[in-house]
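J.: The chain contents come next:
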Amino acid sequence: MIPTLEIERERAHLDAERENQREHWDGSAADGRVYRPGELDLSHKVILYLDDITVSFDGFRALNKLSLTIDAGELRCIIGPNGAGKTTMMDVITGKTRPDSGTAFFGQTIDLTRLTEPEIAHAGIGRKFQKPTIFEHHSAFENLELAMKADKRVRRTLFASLLDDERDRVAEVLRQIRLDQAADRPAGLLSHGQKQWLEIGMLLMQEPRLLLLDEPVAGMTDDETERTAELFTSLAGKHSLVVVEHDMAFVEALGGKVTVLCEGSVLAEGDLATVQADPRVIEVYLGR
Amino acid sequence: MRTPFTLRLFQSMPRGGWIALAIFAAVAWIGVPVAHLALPESHPLHVFAYTVSLLGKILCYMVVAVAMDLIWGYAGILSLGHGLFFALGGYAFGMYLMRQIGRDGSYGAELPDFMVFLDWKELPWYWAGSDSLLWALFLVVALPGLVAFVFGWFAFRSRIKGVYFSIITQALTYAAMLLFFRNETGFGGNNGFTDFKRILGYDITSPGMRVTLFALSAALLIACLVLGRYLVTSRFGRVLAAIRDAESRVMFIGYNPLHYKLFMWTLSAMLCGLAGALYVPQVGIINPSEMSPANSIEIAVWVAVGGRGTLVGAVLGAGIVNLAKSVFTVYLPEYWPFVLGFLFIVVTLYLPDGVVGLWRKLRARRAAAALDDASAAAGAGLSAAIGGAPAEVPATERQAARSTADTPIAKGANA
Amino acid sequence: MFGPTKRQWCIAAVLCVLMALAALPARAALDPALVQGLGGDFNARVAAIDALGVAGGDEAAALLDALEGGRLGTVDGRLVVIAPDGLRDATSGEALAADAGAATRITVNNRLRRAIGTARAALALSSAQPAQRLAAADTLRENASPALLPVLARALAAEQDDAVRAVLRYATAKLELASPDPALRLKAAQALGGSSDAAVKNLLAALLEKRGDGAAATWVEADAEVRAAAAASMRAIDRRIGLAQTAGTLFSGLSLGSILLLAALGLAITYGVMGVINMAHGELLMVGAYATFLVQGAFRSHLPEYLDLYVLAAIPAAFLAAALVGIAMERLVLRHLYGRPLESLLATWGLSLVLIQAARVLFGPQNLELANPSWMSGGVELAGGVVLPYNRIVILGFAAFVLVLIWLMMQKTRLGMFVRAVTQNRPMAGCVGVPTARVDTLAFAIGSGVAGLGGLALSQIANVGPAMGTGYIVDAFMVVVLGGVGQLAGAVWAALGLGIVAKFLEGWAGAVVAKILVLVFIIAFIQKRPQGIFALKGRFADS
Amino acid sequence: MNRRNFVKALTLSASIAAIGLPAGAHAADTIKIGILHSLSGTMAISETALKNVALMTIEEINAGGGVLGKKLEPVVVDPASNWPLFAERARQLLAQDKVAAVFGCWTSVSRKSVLPVFKELNGLLFYPVQYEGEELEKNVFYTGAAPNQQAIPAVEYLMSEEGGGAKRFVLLGTDYVYPRTTNKILRAFLKSKGVSDADILEDYTPFGHADYQTIIARIKHFAAEGKKTAVVSTINGDSNVPFYKELGNAGLKATDVPVVAFSVGEEELRGVDTKPLLGHLAAWNYFMSVDNPQNKAFIDKYRAWAKKNAVPNADTVVTNDPMEATYVGLHMWKQAVEKAGSTDVDKVIAAMGGQTFKAPSGFTLTMDATNHHLHKPVLIGEVRADGQFDVVWQTQQPIRAQPWSPFIEGNEGKQGL
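Residue numbers (this note's numbering), protein chains in the order written: chain V, 1390 to 1677; chain A, 4 to 418; chain X, 15 to 557; chain Z, 113 to 529.
The hints are simulated quantities; they were obtained by calculation from the structure and are not laboratory data. Hints are supplied without guarantee of correctness; some may be wrong.
List of simulated lysine to any residue pairs, SDA-like, C-alpha gap at most 20 Å [said to hold, decoys possible]:
no., chain 1, residue 1, chain 2, residue 2
1, V, Lys1627, V, Tyr1438
2, Z, Lys250, A, Asp107
3, V, Lys1520, X, Pro441
4, Z, Lys305, Z, Glu273
5, Z, Lys231, A, Ala52
6, Z, Lys303, Z, Gln506
7, Z, Lys387, X, Met390
8, Z, Lys279, X, Ala220
9, Z, Lys340, X, Ala220
10, X, Lys542, A, Ala52
11, Z, Lys250, A, Tyr110
12, Z, Lys526, A, Gly108
13, Z, Lys387, X, Tyr320
14, Z, Lys387, X, Gly392
15, Z, Lys526, A, Asp107
16, A, Lys328, Z, Val187
17, Z, Lys419, X, Phe377
Derived coverage of chain Z by chain A (criterion: at least 3 residues anywhere in the stretch with Cβ under 8 Å from a Cβ of chain A; other residues may be distant) [claimed, not checked]:
no., segment
18, 181-190
19, 194-200
20, 204-217
21, 220-229
22, 277-291
Label-pair restraints from in silico Cβ distances [stated by the list, open to error]:
no., chain 1, residue 1, chain 2, residue 2, range
23, X, Gln146, Z, Leu390, 20 to 28 Å
24, A, Leu140, Z, Leu390, 31 to 39 Å
25, V, His1581, X, Val375, 52 to 60 Å
26, V, Thr1492, A, Ala145, 41 to 49 Å
27, A, Arg368, X, His350, 16 to 24 Å
28, X, Leu308, A, Lys364, 38 to 46 Å
29, X, Pro46, Z, Leu390, 29 to 37 Å
30, Z, Thr468, X, Pro164, 54 to 62 Å
31, X, Pro318, Z, Asn421, 25 to 33 Å
32, X, Ala97, Z, Leu390, 18 to 26 Å
33, V, Thr1498, A, Ala25, 54 to 62 Å
Note that CB positions come from ideal geometry on N, CA and C, so glycine has one too.
Chain V extracted, bound-state conformation (with noise of 0.2 Å):
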């Protein structure tokens, strides 16, 4: 069966958890730091601070001393060998995986390892999964009113009826993915690459300050490719955006700085010539 010790971690996150359920609305997270949704401290021009971050599952470290920081504004392509520990560093930030040690913080002020994935989303952190999730059964035209920034406690959307701004906003991202012709179509209904594209529209439609796409381009033709580079660099200044890619070309289409994960660790960072010029990084993951 289980070591206690992992049943006393088990037990100090749901309590964590619990903080937060009942703290959620009020404003105040259970560390007593106040931040409300949107509203985050960017004093010293950084939005994200990994720091020593260490998560294994039965043994096997995904994550082993991870740290990483994000500037404001920036776009950071993240690279690496499958099982790098890509998708469980996002996992971490979005609190759906909590660290077994290490912080992980956002802006100055804000705790992701005591917060929610709601809770997250709210703090300004949008993501975007390896596999695009939508909501098969909605409309394009919903899931993007779903996903819009608004209040989103029960009560509100109990009686919440779409403002023509609103109405104007979700149009306006549908131009921007190009769906503005299937947005009554079901979601379910759509192809691959526009699934992506949806999802990606759904993270604008968030207004999130930093944005988390997981293999954002895979599964898309060579010119969608190209628009999702354009976008993607748009983007950036405003949001500030993370990728997680292994497509070079669209790398290197992004331009700004890469990091090379591997064995849940950071190896090398730069730009991409310096960084695919560092012999480790032939070593492991160029050199194949």
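Position chains A, X and Z against the provided structure of chain V, taking the given hints into account.
T.: Then chains A, X and Z, alone, in the frame of chain V:
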């Protein structure tokens, strides 16, 4: 600018839906009463007392079915414990009915007979106030609501999903049944409550009262349909469906599923409670077997037969199954379980969308736009609203279930 | 029953006379007056039977047999033996003219049966086989009347076999506690310390009570030494009984657990593999039990001499019957419902309705009679009257046996490998070429078959009727869910755990409350571990 | 095609439902008799036989020319062991089918559930099962035993020298009203006989309880503590098999600790391996083994009927007390109708009082005019290997029922309507 609530309430249902409801209301509130009270027994259109209370009973079942559909069809949470909430409502109102018997019980005592027989000298504390109708009505809603809320809060917070949830709801109602079977529990044990005499002093067996109860049941059903319809077409409803389809995504765009599920779950339980309260005086008895797991499963069966994920379907299902039961237990006393059994099998195999689904298929065949017909519109509109084609739902159920593995608890369990 | 009554003393007197007679070399025939007592009123009968026991001899035995066999009657007050060929006088043995119909049979009830039993035992003390003597001594230890003291003494003197002597000593000791001689009483009190019989304990306890009250109170047992000995013996007995009872509770917990396990095991497989909520699982149990019934019937009519073995023969039968029904269900219905667990729930619910009513129409609504074979009847007695029934022991073993079989099947065979693969990740298994469809059918057949075996086991302790399954389905689900879906180990832990917990709770809370508490416990437990005791590991741990 | 059938089925049921439900053909030359016994669900095990015997009796009466020159027409419905459904069916029988009398119900709760209906519509119910008493309704005739016609004599027998002179008692039952009341009455009765509370062990199990290990152990322990012990079992039908099996295997022999049961009759014993039960007792007002011409005729008729109607395992059918009660009830109703010259409920009720009938039990039973209960003999039988009973004791003549037991306070002077 915002559209006013009342307007949106009205818009939530297509015109056909409103017309259908209006017709139903007219029949239930005017037709039946007149046919039962005014027309002589000999008159071909006379509605027998037997029929009135039978239909009244079925109306209550329909309400339960709608409540079940809201939580199962739209939120994807299958409860095998709704019988409990139904029975709790029934018992809550039954307490009032027992007190109304007064000294007309066979022991002629102030206390209900079963208490006299247990040598109890005064009412247990939880019977306090049971002689007031208002308090009873409050309990009818509050009791199931509270039980559901507490249970739901823990269950949803621990992210118990799918079958696990279904089974513990079953455990819940089963435990409650055993509890109520105990005589010491103070609810009449196996005999439960029966031999009711009056409500607010009016004779409960009088035709007037019978018709009133029937009309009230109809009113409750109408209210449920309107409310349900509004809920599932509101943004709330869309979020709920979204949770059913991809809970993790819902969380990552900032909704807290716990609150949504809990709200719908509690509301559903309360509706069941109301139905139970109207059911008891019409059938004249409430006993713990109402809480038996089998009864709760049957509720799910009604919904499935009618068409899960469409309010109309829930209503139809409850009606068909129960009428079939009533008819076949008379005409095929020994064989009716076969009929019902095969009905369920056939429906799940060949009509994944239940009767409504069949209806839609038939309409669709005749390419003629199905939408001119009221109820088809209702059905189709609904399905569009939630895309509730059960055939596809399980995929999403699996999806939803998948994220259980990601919760800290599950991780602990995996270690 | 124990303190000697006046009647018994006076019989004792009568006996001493008989004793003298019996002592004579040439045994005289039974005293007719005594025998006629059998024809008299109830008390006379009892007295007569006791006397016969003491008198001994073949005639007495023959009479007792006749009485117990209902072959004794009276014709106008005269005691007669009703033989197939007519009536004979009970004492003289001469045939009578009157025909059998004329006699009024003497009905024997429990009270008489007990008396006869004791008398028989008294007779059997002089039997040649030690085994018989032992049995006899045991009976006497249970309920001997002071009247038999001399008989016991005589037997004890003559007895060679130690086992028998030991028992006889108890029997005498019990009676001697009432003797006027303190020395004898002391010996008795000490001797009884070796017993583990609550009844003995009460005898001793009686000695330690006071008669009257206040200052006037006097000890029932005047002699302090005897009292001390009695107290010591009581403590010894208490200890033994206490231990035995805990052991007993533990066993009954395990037994209940094993039954839950047998009821749930099949479900654990079918549910684990296909995620099909099989509400008709209970009816598969029922099918197994009915198959067992049919086998029993076949044995009754064709090879009655081997009737005791029908249970063994039923094992394959029950398995196959249930498996076939299972296959049919899978092919006709469930096949079309994979990946729709909740719909499958409804379809199988319909199936269960049909199966139950089918059983009702074919076999009638009554419960069916299934006899425990002789080797499964009775039980081994621990101390203090705690008995472990053989049928439960057997079932416990059977559960283990089935478990091992399944484990081997799962771990060692190719099919097992496939099943595990499908359980963990159906699509992937499909991709790597596992014939999922066939695996499903086979797995379901096996699961159903195991359910059939469960039914066989249940038929040995509980009802066999059309609705028998419904009683177990809920519990079975609790076990599976508590254990963790698709986890045999989990199911085992859950079943045994629930069984034991339930039994210990029942000890102090009573059956009803115990059951409620167990259910509440389950609900609470799932809160903590939403995936059961053992959850599947890995990315596809759910659905 | 499945769908088409299915749709047909729907429309059928719907249409039937539409016309206000069973508009049963109303033939004027027959008198309708309602039969309200569960043919499915948990109670089917006991009640099916009652339906059969009722149908048989009706055939018998019709063969004898019917009643008032009219044939009897049985209306069989299935309340499916579902209590609200009992009330619904009762209402239908009385309001729709206009039956002259209803023979039915087994459990107390089913009776309680239909009572209001019979009172409201002034119907006539014949209730054939031994029950807890504490009830008296103008519209009901109770042909089963009241506690004083079953429980108390049984206990008196156990206490007698002949019955083994029991001094300690275990009152064991399923947790519902019949056992509770019976045990309450017995406790009071035992007290009056000087049995102290310390010598009484009362215990209850839930419905369908199948695991009697703990309770048997408790009984053993209780019995071991000295004085002669007897068990009074009001365990409900289904739980009896596991109970007796456990009893036998735990080595509690009838000669040591006799068990007297009030709910175990020939029908129940069909489902039991009687080996472990030998010598245990049951108290009834009728046993199949009773030897007299009426009983012989009764049994033969039923056997023949079962064969003719292909009742499952018809060759082994048995008769039991509630079946006899049903048989007696129907015949008495017939006599009453003939006396009253009409099937009008009030007239029949008036005529029922004082009706007598030579019952298969060998006694002539009388319907008490004031309390609507039969005067019944009490027989105590010991289980035989063949699943029948040896009558070891019986009352000299029928005794009058006391539906309101004098052993429950507040019942004084409540003996009549």
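J.: Each hint: holds or not?
T.: Status of the hints after comparison with the structure:
1. V/Lys1627 - V/Tyr1438: Given pair V/Lys1627, V/Tyr1438 holds - Cα atoms ~18 Å apart, limit 20 Å.
2. Z/Lys250 - A/Asp107: Within the cut-off at roughly 15 Å; holds.
3. V/Lys1520 - X/Pro441: holds, 16 Å
4. Z/Lys305 - Z/Glu273: With Cα atoms ~14 Å apart, Z/Lys305 and Z/Glu273 stay inside 20 Å; holds.
5. Z/Lys231 - A/Ala52: Given that 20 Å is the threshold and the Cα spacing comes to 15 Å, the pair holds.
6. Z/Lys303 - Z/Gln506: violated, 24 Å
7. Z/Lys387 - X/Met390: holds, 12 Å
8. Z/Lys279 - X/Ala220: Status holds; Cα separation ~17 Å.
9. Z/Lys340 - X/Ala220: holds, 16 Å
10. X/Lys542 - A/Ala52: violated, 51 Å
11. Z/Lys250 - A/Tyr110: With a Cα-Cα distance of about 16 Å, the restraint between Z/Lys250 and A/Tyr110 holds, given a limit of 20 Å.
12. Z/Lys526 - A/Gly108: Holds, at roughly 13 Å.
13. Z/Lys387 - X/Tyr320: holds, 18 Å
14. Z/Lys387 - X/Gly392: holds, 11 Å
15. Z/Lys526 - A/Asp107: holds, 15 Å
16. A/Lys328 - Z/Val187: Holds, at roughly 17 Å.
17. Z/Lys419 - X/Phe377: holds, 15 Å
18. 181-190: Our answer is that it holds, as 3 residues pass the Cβ test (under 8 Å) against chain A, meeting three.
19. 194-200: Coverage by chain A holds here, the residue count being 6 at a Cβ distance below 8 Å.
20. 204-217: Coverage by chain A holds here, the residue count being 3 at a Cβ distance below 8 Å.
21. 220-229: holds (count 7)
22. 277-291: holds (count 3)
23. X/Gln146 - Z/Leu390: 20 to 28 Å: Given about 21 Å between the Cβ atoms, the range holds.
24. A/Leu140 - Z/Leu390: 31 to 39 Å: violated, 59 Å
25. V/His1581 - X/Val375: 52 to 60 Å: Between V/His1581 and X/Val375, where Cβ atoms are some 55 Å apart, the hint holds.
26. V/Thr1492 - A/Ala145: 41 to 49 Å: Roughly 45 Å apart at Cβ, these two residues keep to the hinted range, so it holds.
27. A/Arg368 - X/His350: 16 to 24 Å: holds, 22 Å
28. X/Leu308 - A/Lys364: 38 to 46 Å: holds, 44 Å
29. X/Pro46 - Z/Leu390: 29 to 37 Å: holds, 32 Å
30. Z/Thr468 - X/Pro164: 54 to 62 Å: holds, 58 Å
31. X/Pro318 - Z/Asn421: 25 to 33 Å: holds, 31 Å
32. X/Ala97 - Z/Leu390: 18 to 26 Å: The hint (18 to 26 Å, Cβ to Cβ) holds, given that X/Ala97 and Z/Leu390 are roughly 24 Å apart.
33. V/Thr1498 - A/Ala25: 54 to 62 Å: holds, 57 Å
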